[in-house]
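Undergrad: Each chain, letter by letter, is given below.
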Amino acid sequence: MRQDDLLWIAIGSLSDIPQRGARCVEHSGKVIAIFRSFEDEIFALEDICTNCDGPISQGIVSDRSVSCPICNWEIDLKNGQALGADVGQVQTYAIQRQEQDILLGLPLARGVA
Amino acid sequence: MKKKLVIVGNGMAPGRMLEYLFEKDPDVYDITIFNAEPRVNYNRLMLSPVLSGEKSYEDIITHNDDWYTDHGITLHKGARIAEIDRNARAVLSDTGIKAPYDKLVIATGSNPFIIPMPGHDLDGVLVYRDLDDVEHMLAAAKQGGSAVVIGGGLLGLEAAAGLKEQGMDVTVLHLMPTLMERQMDEASGHLLKEAMMERGIDILTNANSKTILERDGKVCGVELDNGTIIEASIVVMAVGIRPSIALAKEAGLACNRGIIVNDQMLTSDPDIYALGECVEHKEQCYGLVAPLYEMAAVLANDLLGQQAAYQGSVTATKLKVTGIDLYSAGDFAQGPDREEIVLRDATAGVYKRLVLKDNRIIGAVLYGETADGPWFFDQLKKGTDISQMRETLIFGQAYQGGAPLDPMEAVAALPDDAEICGCNGICKSTITTSITELGLSSLEEVRAHTKASASCGTCSNLVENLLELTLGDGYNPNATLPICPCSDHDHATIRKEIRRQGLKSIPAVLQALEWKSSTGCAKCRPALNYYLVADWPGDYEDDYQSRFINERVHANIQKDGTYSVVPRMWGGVTNAAELRAIADVVDKFDIPTVKVTGGQRIDLLGIEKQDLPAVWEDLGKVGFVSGQAYAKGLRTVKTCVGSDWCRFGTQDSTGLGIRIEKFCWGSWTPAKLKLAVSGCPRNCAEATCKDIGIICGQGGYDIQFAGAAGLDIHGTQSLGIVKSQDAVMEHVVALIQLYREEGHYLERIYKWAARVGVENIRQRIMDDADLRQQLYERFVYSQRFAQVDPWSERVSGKDKHEFNPMAVLKLEAAE
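First to last, the sequence lines map onto chains A and B.
Read in our numbering, the first sequence has 38 at position 38, and its numbers run on one by one without any break.
Heads up, our numbering is the position in the second sequence plus 1000, with the first residue counted as 1.
This is chain A alone, in the form it adopts within the complex (with noise of 0.2 Å):
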């Protein structure tokens, strides 16, 4: 996706998340999992395994992969496959950081004329 064709909100600041912790951002129907590293890399997927639709925000925070805390499979935060012998994705989303403050990147619904 061009990054022009998103929409950037501001959601927070980084001091809102706990390191190795998640929390999560609702949009519209959907749950949005914000993760933020021991290294303060910040990430953000869907709120739904891609094995057992669990909230993965709930799960245990490792270097750069969350366990989903009902099926306990592991997901990379970068990308949101399943590690391991498991197979499967989780939806990512862009997001990034400026200073302090995370900007949250939606897919635009509408085109941009």
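These are computed hints drawn from the structure, not numbers from a lab.
Be aware that one or more of the hints could be misleading.
Listed next, the in silico DMTMM-like pairs over lysine to aspartate or glutamate satisfying Cα-Cα at most 20 Å (straight line) [claimed, not checked]: (1) B:K1004 - B:D1271; (2) B:K1516 - A:D101; (3) B:K1800 - A:E26; (4) B:K1098 - B:D1085; (5) B:K1800 - B:E1608; (6) B:K1003 - B:E1019; (7) B:K1142 - B:D1169; (8) B:K1516 - A:D76; (9) B:K1516 - A:E26; (10) A:K30 - B:D1560; (11) B:K1810 - A:E39; (12) B:K1318 - B:E1294; (13) B:K1451 - A:D86; (14) B:K1609 - A:D101; (15) B:K1516 - A:E74; (16) B:K1810 - A:D5; (17) B:K1609 - A:E26; (18) B:K1559 - A:E74; (19) B:K1523 - A:D86; (20) B:K1055 - A:D76; (21) B:K1798 - A:D16; (22) B:K1621 - B:E1793; (23) B:K1800 - A:D16; (24) B:K1103 - B:E1198; (25) B:K1798 - B:E1541; (26) A:K30 - B:D1085; (27) B:K1523 - A:E26; (28) B:K1609 - A:D16; (29) A:K30 - B:E1802; (30) B:K1523 - A:E74; (31) B:K1559 - A:E46; (32) B:K1810 - A:E46; (33) B:K1810 - A:D101; (34) B:K1672 - B:D1560; (35) B:K1798 - B:D1611.
Since the structure of chain A is already known, use the hints to place chain B on it.
TA: Coordinates of chain B only, in the frame set by chain A:
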């Protein structure tokens, strides 16, 4: 350009054929599949577990959408082929899709046979063939009422058991005197009939159905030719299948009962193959899965121009009704040139019969005990001469060659297609092949890659035997296992080093013990956090991000992402004010399920995460604290009513239980810890299967420990008998502290005891008064930091971020 392979039908036979094809050469054909059903390939054998509610559709999918995409297959779902144009070498679907082919495979399967009796086309008459049928039956079962199944064969009985399981009253009508007469003899058919009737299923044999009766355009019953009327809101016809040959016949291919094929699965047209249940080979049609797989292998080879010939199959049958074990194979009609060996054990409900001809097994019927079925079947297929083992043959494999086989040899002797994991349908060769080809060396790896033993786990031993068999000395189940892939150290070393080096934080442990990942993972971090909490009370600050979600938010996550809340009820005792508060909370927060737990308290299920603090606040007003039903820590102390009320009670078991619970609540332990106190040896609190149990008697208090009644079941072991309640407190607390200090994370007390020795623990707690006192004091010190009610902390605002979304976006506002 690749040759075009078109397949009509997407059942198990073509699915397996494609697997063979891709294994050998994935790139020869451009593949298109037409499936009349609107879905991907699923395991039709598992429809009965879906009907009985033991599995869901998702559980029985063999190839999902991704599999088709990954293999470049074009799959047209819900598209039935209307015509084969052999001159143009193309097929045309009823949805208007035309596809040319170089090679065509017809795999149209079979159709359920419907007896054309009056009323057969009424609303409510069903067949049992595919997932749509199962869904129809499940929908009908929801309405309750009664069902009639016409046909007492394999499918009919599985359908009957499933419908009964779904709560319907079920009657099976069978034309013949014996159930499953094609697979069973009279004696085993009788046992089967009794077993079905014991489950509350009515069986009528010699029952000739005449008419299906109607009321308001719907089924209301079945009338037999002797005038008997059986009421029913649905009728399931399961009287057999007929190869589905209409399409082939229309195209002018040679057909008899099925589509006629040669040993290479070719029809009368050299470019058209047929496969599966629609096929007739040497005047035989097959309806079981094993022959279809054999055909699939031959066809895959022929498509690749390799030599292969289908020789026909001998078949074995297993009934998939939980709790009824039945196995039959081969031919067991009586005849002058045949002999038989029969074993009956009326008490155990066992019946076994082998039919022999020229010293070879040609048929086997097993009822009640079927473990030897695959072995008998293997001897049958191989044509083994059994004259040397004739005396003991009927007792099965274990009794051949002198001493009984040890489990390892028994596993070694299993045929390759023997099913090891019943939950996931994994056979022996799948497991051994994965072990060799993928280089697997542990039970966990086999589970991850094959799913064998990953569901209920009862076949774990068999899988471990296969590992040992395949890897020989390369498999060492007792090797000290690293805590997780982040580290080479095992739990014992890590616990020792944390104390020896005085490591007091997770980063310090990771650094000092040379962790291979930067922050640790979901396996090692909760363990490290526990070890630090247990070893450094007052010094170590609990790392909540290293706790599993339940312990982080102090509630139990449920499969739908909601939570359950269990307030503490000391010793299982409650009162009107507490119950009223619970009732009010249930009303106020619209809590869908309220359930009494096995630990004598009340579980409120289905609470949204953001409501948790408000729920706790209301519960806290009458004095409720967290029951820690989520904790690797003290859960419950179950009690009986004891001497206060019970005419047999010798001591105040309720009071003692409450005293222990009030002393020990809040403590973290390696795994969950459940206690019980019974007031007399009748043991109504079931103390002898708990982690720690106390049985009060006239002469003193019998302290028991290391019981289990979950995945494993073990009675407790005796720790010792003490004289007073104070002594009970001292000994029980010292035991808990010893376990806290020595247990590995997630190791229940019975596993810890097995590892370090029951006698070893008994001596230290019972005989060493100094050690006991020190342990007691260390526990008391640690409780100073642990006994804080987590619910009231969070009502007061702790960890607010856990319970609220970070942001709720409204796009209109942002634009």
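Undergrad: Output the indices of the hints that this structure fails to meet, ascending.
TA: Numbers 2, 9, 11, 14, 20, 24, 26, 27 and 34, in rising order.
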